[in-house]
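Asks: Here are the chains, one letter per residue:
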Amino acid sequence: MVTRLEIAGRTDLPDPRGLHAGGRIRNFLGIPVRAVRTRDVYRIEADLQAGEAEKILNEVTDPVLHRGGLGRVESDRFDFAVSVAFKPGVTDPVGKSAMVAVQDTLGRALTLTGGEEPAVYSSTLYLLTGVTREQAETIGTSLLANPVIQTITIRSWDEWSSSAPDMTVPRVPAQHRPEVQRYDLSGSDAELQEISRKGLLSLSIEEMHAIRNHFLAAGNDPARTGLGLDHRPTDVELECLAQTWSEHCKHKIFNATVTYHEAGKEPETIRSLFKTCIMGATKAIGAPWLVSVFHDNAGVVTFDERIHLVYKVETHNSPSALDPYGGAITGIVGVNRDPFGTGLGAHLLANVWGYCFGSPFHEGDLPKGLLHPRRVRDGVHQGVIDGGNQSGIPYGRGWEVFDHRYLGKPLVFCGTVGALPVTIAGGPGEKKAALPGDRIVMTGGRIGADGIHGATFSSAALDESAPVQAVQIGDPITQKRMFDFLLVARERGLYNAITDNGAGGLSSSVGEMAEQPGGARLDLSQAPLKYAGLATWEILVSEAQERMTLAVSPEKIDEFLELAREMEVETNDIGEFTDSGMFHVTWGDETVACLSMEFMHEGDPDLNLTARWAPPLYAEPEPFSGTDLTEDLIAMLARLNICSGEKKARHYDHEVKGLTVVKPWIGVEQDVPAEATVFLARHGSSRGFVLAESVNPFLSDIDTYAMTVAVVDEAVRKLVCAGARTDRIAALDNFCWPDPVQSDHTPDGEYKMAQLVRSCRALYDTTLAYGTPLISGKDSMKNDSTMGGVKISVPPTLLLSAIGQIDDVRNAVTADFKQEGDRVYLLGTTRDECGGSEYFRYLGEKDGIAGNPGEPAPYVGNRPPVIDPERTLPLYRAVEKVMAAGLVRSASTPARGGLILALARSAMAGMLGAEIDLDVDLPADRLLFSESGGRFVITVAEKNGAAFEAAMAGQPCSRIGTVTAGSRLVVRHGGGTVADASLTDMKAAFKETLNHV
Amino acid sequence: MSKVRVLILTGLGLNCEAETDAAFRMVGASPEQVHLLDLLEGRAERRLSDYRILAFIGGFAFGDHLGAGFVFANKIRWRLYDQLLSFIENGGLALGVCNGFQTMVRLGMLPGFDGDYRTPRATLAPNDRLGYRDAWVKLAVDPNSPCVWTRGLTTIDLPARHGEGKFLTETPEVLDRLESGSQVAVRYVGDNGKPTQDWPDNPNGSPDAVAGICDPTGRLFGLMPHPDAYLYPYQHPQWHRDKHRDGVVLPTEGAGLAIFRNGVEAAAG
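Those protein sequence lines, which keep their order, are chains A and B.
With the first letter of the first sequence counted as 1, position 735 gets the number 735 in our numbering; the numbers rise by one all the way through.
The number in our numbering is simply the position in the second sequence, starting from 1, with 1000 added.
Source of the hints: derived by calculation from the structure; they are not laboratory data.
Some hints here could point you the wrong way.
Stated by the list, open to error - Straight-line Cα separation of at most 25 angstroms, BS3-like style, residue types lysine-lysine; simulated pairs:
1. K987/A to K1138/B
2. K283/A to K431/A
3. K1003/B to K1138/B
4. K368/A to K791/A
5. K1138/B to K647/A
6. K1243/B to K943/A
7. K1243/B to K881/A
8. K991/A to K1138/B
Next up, chain B with everything else stripped away, as it sits in the complex (with noise of 0.2 angstroms):
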């Protein structure tokens, strides 16, 4: 079979590149960095159809300038929205992590009712303690959720790290929807597995807990938390700690890595 292949958006701020190219590598897939510019001025010769995977990675693209995400998503909504819709509706996956989550949102990929993937019902506001901030959280994962890219999970640790990751929705009734249809897929948790409002647990003071969202579909899906920064099972802040502690079971791998499968699987199949 051959390998799925994945674009990766790069350039203008973004940063995440690297681990993220590391990451679909790893899961067997076939990942290819791509300069928005080079894809917007058609210099790329590739085309958003020739890809099963969109993966808007995390960064500062425009340094989250005048809100995160915004210049960015503002580029491809004026030079690339109908290749980015006819993707959509040709069955392609994508993932947004972080600055590509809000990218995501920013567009209206994502929360995509009814088919509307071009009207933005939602925004990443700044984190109710102002600032940004790099720390580890746990996540759960709605076992009802359509999310592909989440299946089979349960709890997911990963790092935080943003400014503006506070979910907000135009009306309450489009977290009502969100939430009927399971669309969010994975919400920050307190050390007893449920939904929290408390920080640091919920790092940013989002309504519902809610970390990340996917569309009706689950074949997109964005999240503030980083998976592609926890590849490595060594990774986790308690590795070096359970690797001396008696009775301790270490992961084989980095839990991050279960995103990037679950989604290269779902794009093959």
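With the rest of the complex left out, here is chain A (with noise of 0.2 angstroms):
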């Protein structure tokens, strides 16, 4: 029996959430809609007595907001209801609260005659006045439902008041669990490569022979027989392998051989570009502060005596293609794990977050089965949001970067910054191990069809084809009540390994975990359901969220499950760690899969890759022949990529858990975005921690080398900006590319990875000479999106996300003029770099030169920032002293829109104007905006001016003006004025561009 509950607001009261969709409908739509006022309706599938429904009624609905009824509340007249339901088996969370409060009010548990599980489904219903059905339908589909996961049903006035209320509840219809299947792998390779394309498997034609020999050799087997299998792999053992061989998990691409060629120069020979370049860099610099990295789901690094750093950040790139709010959650919900399941466990700081997106303002065609990027941006953004304030945890650090190629992939850069314990249960925090016996445990939520070859299909290019089930949606208030069990279990010293359920779901966690012990054997018949009729392989590899795979031992697991009731947080005892060699699948005793660990974990074939590198070649625009550049500055000030982002910013949490020092947005009016977050790690100490990242994927279209050079120093500069000591940072990579590997569908494939050779060997120089270990990183290697036949492909992204730390976070420097009178230090050399500038796209749109879909926007240049550690590094440690001596009242660094947008930024967070004079033989414009690195703008007190030259003597330093009371940014430069620009001139511009999207 159904129970429908509809909570109306009171007609005398506005309707926030309705006023908000009208506003985005007419806005982004182009609709006229009059009016939309909003419901919540709840589908109670239980068995109720007399009485009972009206209790809950009465109990849920606020009497000072709504009116609420059964069945159905009157409304006045209006044209068209817009029903938003889930689809079934998609997660609703708010179903799930409202099954509590349900129960809680009726004093009992639920039941339904039958059997089936009773349950709660939400929906939300719009109703639209002023519109057509045809308007109805766009605005339900482009706006407030996404269809991928989302059920909408229009109704008209007359529809509505003349049927009886909507009754039907999304459940799952009841199916009985498939059986497990066989694949015969001993067709020709048209057949082979047909199995992995319709499994999505992707798996390539050497992986499935691979494969193939494998079973042939092992069929025969007593080992295998004896279980009842034989020479045809299961359905379960191909999905299991291909999760496990998945560029996703085993990152093929990075671990390849690769062959360099660069005209002019010897082919070279790379073995594994993540053994030689990254961990080779890491290795290199030796630092003994380094706790663990690499081989755990985060990087750790000391901090205090009592606990250490742990930083991750992930993707969520594809996913957030198709549901831009799920996918996003799920990124960032999905990374709180990996600090959270690295050691044994460390609880959550802080989280960052960036986002790579085509203009919202986009107005082009749009390739068939792409969202348009402002609907992609509003859902990554209210993804993260809810999922970040929902568990808890400020943010640090947020960027978005714009260009037309990230119109067919967004890249969705999520990260985590943690607090590992030095010392837990008696023992290093850091240390962890599953034991042959421990038994095999999942906690958390339920394994569904949700996220069903996430792995494998981020491994793919995005096409029509991409699966609705690869979608999962985080629900981060279970996620928090895990945490909340988990922390209990880790003080109590319950569990001796710790692993998150991300990609490839339980193959992936238990596989990776068996490798200590050497084996396990899982039983799934013991793995909670959302609902029956999962395959056997389905729940295997399903990504269903909010899970931790752990190891307890037999003597513990009675405490752990019992906690884990107590707690009300799912959690079941589904296996046992081995030494057998083997990971070994049942259902119940029927074995369904029985791979070996060495198969499972070596038995992938090694990937050959070309390389050939070959620099292009740009137009440079005309050379500058004006005067006064003060028009530019503004026009440059409300670029995408230079302008605020504030409106967005601050739905996000920044100080939840009291630690927040320098807050992402600095200033008299806390309106200018922070060089470098500060951050104390626990309360009663002054010790902190500091973030800032840089990414530059405009540099990538002349050389990823200079490009990733430019992040590393860019990044850095940041952190000795704010303060952060130039010998305890850490980095960590994230690589976004276009497809590497030379096919007919990347003609291209061999340059592309020459680009990322580059990108990894700048790595490492840049890395290794500033002493700024990798502690950990990711790669998503195939963003390129084929969409309506059209081929859009990401430009090479490298994120370079740095943690850097401070003795005492009151000596942090933020980057706002403080005060009239005080002198203004340009350190560091400005060249004509203006290659890949910000400057140069803006002459581009100034000059009207249209760029070509897929390449980059004119002008790209050809000269980008050359920058070498051996001089700058001895700047940022002389920076580091005079900080630390308490010489520096405000520092900035030159980066995107070159040093005029430095002293913008700082002119107007404090609120104050400054006469600079540039004395440099430069022309002006490329004086100005040339994206030089290894720069600072620094201001000093007047009485302090002698003591920060004379520690400065012998670095790159020049006065260049002073900070004055007016209101005006003045800049002269060969004698006359080239720049005079009014504060309020320049907010109106930096605030406007995004302040109504």
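Can you join these two chains into the complex? Each is in its own frame, and there are hints to help.
Replies: Here it is, written out as structure tokens:
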């Protein structure tokens, strides 16, 4: 039986949700809707006794705000009602909470005749006035709901008034578990490829051969035949191998043997970019303060005597392209589990996010199947906002980069900093090991069809066949409750090892944990399911969220399960770690998979790739011939890649936990982004950590080597600029690349591979030179989309996230000008290095040069910043000293937009002007807008000027002006004024662009 | 003198337990974090009557689904209400911050007219500008308020971080009565120090700029902004500016602490 509650707002009160939706309908869709009212609907599928429905209704209805009704609440006339409900099987956290409220109110557990599980399903009703049916449909599909995960029902006023309330519920129909299938791999290559393609396995023909050969050899082994298996892999085995060997899990490209060609040079062979360049640099640096790098879910570094810092950044690109909200919320709550699953478990301190999108103002055609970038942007933001806020984790850094080449696939970076106790339950916090005999325990949520094939799907280009079930929706509250439980279990020493269930689900988490003991026996019939009917392989590879896998010793399993029961966190004992050398999966007594651990982890064939580098050549703009750059400065401030993103960012909590010191937005009006943010790591200590990052895909168009040096330099420089120590900076690399494997679909694969090689080499060279070890990273190598026959590849994008340490957060420095009369210094050298700069793209637009959809926006130019760490590092150390000595009042880093943008930010933040006189032999526009690295703008109190200059002796440091009480930023060069802008005009331009979207 | 015992209710999506714990500790109290389910099931071996102060902390209990604080408050209403009422009757103090304030209002602990602590007369509705927002606000304290938590304070800067903070009453008379009894202990004010309806100084559009209210005894107090996020002086957004500015006197502690200290002193006295 279904009971339907409808909760409407009181008609005399405004409906903020309806008003908000109305604004978006008018602004984004251009549909002049007159009014939008909203209602919440709950359908309770359970047996209720007389009076119980009324009791629930009374409880759920807020008398101040609501009118509630059973069935339906009457309404004034509207044109169309749009109902948005979840599709069957999609996570419905609101329904879940409603279930708790209903049971608390009734003081009993709900039941349902027929033995099915009772449930509450939530949905939303939008009552639209002033629209046609066609418009209501557009509103429903392009704004209110995502057809991938939601059902939309539209009724006109007449249909609504003359029909009974809709009582249908999105229950997943009960089905039987399908039989385990066996695959005959004796066919032709074409047949093998068809098996891989049809099963969404993303296995190459070489990999299919390796699997066939393995099973042919193992097929007669009594160890296998004795379990009822033969030379044909089961679907469970094939799926498990596909997950384990996916690009997502195995990083085949980073581990490939690469032959690198460059004109005029001998070809070079590189065995694993990951081992030689990334691990190689960290090893060569040999920092004694690294605790655990590369082998766990996140990197761990020493912080103080009580805690280590843990940091991980991930991407969640493909799911966010299909369902921006669900993909992004899963991205953030998913990466939370990485530090949480590092060592014996870190508690979480801060999140970071960063997105690469197409322009939200995109007006051209969109290939079929793609969502408008504004919609992607809104959904991604809201997902990470909800995920972070509801988990109670503040954000430390947030950024957006816009380029038309992200139209096909947005990049969604999410990261989390955690604190790992140095000692947990008497032992080192970073050490964990599952032992033979330990129970395999899964905790958190249930398994459903959500997120099946996420790992293999993210290892393929996005096209119209993308599976609906690849989308998961994270539920931060379920996860928070699981974390609360696990922190208690951690303190009591109730488990030996922990890891998260992410890509590949149980097949990956148990498969990886089983490497230490040397095997596992997993009984999938013991795994809790959201609904019956999942195939056995689906249970194994489902990426349903909010789950961790643990190894619990048999002596502690009862206490562990009891604690879980008390804290109401679903937890099941699903098997045993062994030393059998086999990954053995059963359904009760029936064996459904038995794979040798060795074959699983080492059996995939080596990949050989070719890289061929040829530097591109681009057009250059005409030399600057004007005299005044004021208008250009204002225009630059308004550009998408420079302007303020505060409107969205304010929706993210940045202060929960009470540890935030230098916040993401600084200055008198707290409306200018901080160069770096500063956090305490725990209460009771003024030692802190500092976060910054850099991403600059535009430089990749010229040379990924230069791009990579620039992002490492910028991230390090931002930390130094905020007062971080130079000797405790750790970095994370997140590569998001277009497919670099040469093929019919990717005729320029060898060039893209060369871009990857050059980037990795620069990463090695620069992190080694700066002494900033890489402690963790991730690669996402298939960021191409083919929608409606159009291929769009992202520009090679490397996010470099840096985490530094500051001995006393009170010594942190912010970028805002502090006091009139302070001296302004420029540190470092400005050169004519406008290649890949924001200024050149601005000139391209100004000159009306049309770009091609798949290519970089003109002008690109040819001279990217060149940075020599031999010169910059001594400067950074000198800056560190003057900061520690308290000589610096403000510091900022010229980067995107150049020197003038750094000055503008400091002026806007401090609400003070400046008189600047530049004596450098460069054309004025290059001087102001060049993005040369290695530079700071620093202000110093007049009384400290001499001491500062003495400390900077031998460094490139020149006094360029004075902070003024006035409200203008005035820049002179070569005897004339080249820019003179008011704070008011600058702020208006800076804030307006993204203020209404 | 023995330390004042504080019960911090945790779990189910709440998330400000660490900073609330730190705050009470810093002012000399003895806070204990207890999961609501442990209290409901009697596993905690503690009762509300063991404590002088009850802290309803911020967070997203049950995701704020069905309304902010609703599902959490509902659990207390059906399963812990008797204990809670006798705690109040026996002179206990309570502080609710953000989600905790929403919970207290949902329960009817606030406004608590005429000793009635179980009839909800108000609600925290969605902000006029939809969505969660994190920004610092300026609050003015009503000097005539009986609120023991705000004694001696005049203004205070705190971060507001919520999506549902618009304080609406059942009837206009309820708001009138709150005002006449000086139960509106804190209001959002503009730069001129006057209560304001203007966004963003008033972040949610609360009538009469209500940011927090107390019960007629002044012992129960709830507010939307977070005193628990301003424990150290250098957490103020202007501190790293002010430390360089000539003639500016820097505070020696985070202003949020004063609220906790007041409550603990009142509980001890």
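Asks: Each hint needs a verdict: does it hold in this structure or not?
Replies: Quick rundown of the hints versus the structure:
1. K987/A to K1138/B: Answer holds: K987/A to K1138/B is near 23 angstroms, not above 25 angstroms.
2. K283/A to K431/A: Between K283/A and K431/A the Cα gap is close to 20 angstroms, so the pair holds against 25 angstroms.
3. K1003/B to K1138/B: The hint is violated at about 32 angstroms.
4. K368/A to K791/A: 12 angstroms, holds
5. K1138/B to K647/A: 20 angstroms, holds
6. K1243/B to K943/A: 16 angstroms, holds
7. K1243/B to K881/A: OK: K1243/B and K881/A at ~19 angstroms, within 25 angstroms.
8. K991/A to K1138/B: With a Cα-Cα distance of about 23 angstroms, the restraint between K991/A and K1138/B holds, given a limit of 25 angstroms.
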